[in-house]
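Colleague: Letter 193 of the sequence shown, counting from 1, is numbered 875 in this note's numbering, and no numbers are missing.
Source of the hints: derived by calculation from the structure; they are not laboratory data. Please note that the accuracy of each hint is not assured.
Under the rule of at most 30 Å between Cα atoms (straight-line distance), these lysine-lysine pairs were calculated in the DSBU-like manner [unchecked claim]: (1) 803 <-> 785; (2) 785 <-> 748; (3) 776 <-> 748; (4) 748 <-> 803; (5) 776 <-> 803.
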Amino acid sequence: MIVLLSVRPGTLESTMTEDLSPAERYAAARLRAAEQATALAGFREMYDFGLDPFQIEACQALEAGKGVLVAAPTGSGKTIVGEFAVHLALQQGKKCFYTTPIKALSNQKYADLCRRYGADKVGLLTGDNSVNSEAPVVVMTTEVLRNMLYAGSQTLLGLGYVVMDEVHYLSDRFRGAVWEEVIIHLPESVTLVSLSATVSNAEEFGDWLDTVRGDTEVIVSEH
Numbered sequence: 683m684i685v686l687l688s689v690r691p692g693t694l695e696s697t698m699t700e701d702l703s704p705a706e707r708y709a710a711a712r713l714r715a716a717e718q719a720t721a722l723a724g725f726r727e728m729y730d731f732g733l734d735p736f737q738i739e740a741c742q743a744l745e746a747g748k749g750v751l752v753a754a755p756t757g758s759g760k761t762i763v764g765e766f767a768v769h770l771a772l773q774q775g776k777k778c779f780y781t782t783p784i785k786a787l788s789n790q791k792y793a794d795l796c797r798r799y800g801a802d803k804v805g806l807l808t809g810d811n812s813v814n815s816e817a818p819v820v821v822m823t824t825e826v827l828r829n830m831l832y833a834g835s836q837t838l839l840g841l842g843y844v845v846m847d848e849v850h851y852l853s854d855r856f857r858g859a860v861w862e863e864v865i866i867h868l869p870e871s872v873t874l875v876s877l878s879a880t881v882s883n884a885e886e887f888g889d890w891l892d893t894v895r896g897d898t899e900v901i902v903s904e905h
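Assemble the whole structure, with the sequences as input and the hints as a guide.
Modeller: This is the structure:
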């Protein structure tokens, strides 16, 4: 049997050149229904481009309840995985904190998420700004989250996901301790999404995350 595959943004459709048996049609329909029922299917429809294999792999791991470490070059699109964590949090009625190492990146990501999800659902916390801090999605610097954890902030209630962008800062001799403290002290119930530039020790880093945070999928992309 020959199967022709055509890919459209957010979908994968099969056109059969020969008739399927009733059992095969039923199995194919079940598979399509299962794919369409996933959160990832709805998320992919929000974008006018197809996701790369490493993005799909990381998002599937997240939807399966695992933490993820994504190591990929700058500009490769790894932040899509972080945005999927935002999508999952909103679907599940949980909070998502999106952390960045510097205020400028926090401001940029805040603007990006406001455009996609609406300003009423997104907040910003940096040393200079506090905007809608009780929103379900809050963008902040990593230091702000560390201070929240030590203070036992009520804002942490309902937190389901934390995205740590530029997590390779963990190796920074001056600020790395902040990243380590956040990773260690986050509640066990929080799913961690670690986004890193390409590093030589991704597997070793993933093993450490596995130890301190639980089941963590390591996805490395060279492109």
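Colleague: Each hint: holds or not?
Modeller: Taking the hints in turn, this is what the structure says about them:
1. 803 <-> 785: The given pair, whose Cα atoms are some 20 Å apart, holds under the 30 Å limit.
2. 785 <-> 748: 28 Å, holds
3. 776 <-> 748: With a Cα-Cα distance of about 16 Å, the restraint between residue 776 and residue 748 holds, given a limit of 30 Å.
4. 748 <-> 803: Since the Cα atoms of residue 748 and residue 803 sit roughly 25 Å apart, the hinted pair holds (cutoff 30 Å).
5. 776 <-> 803: 12 Å, holds
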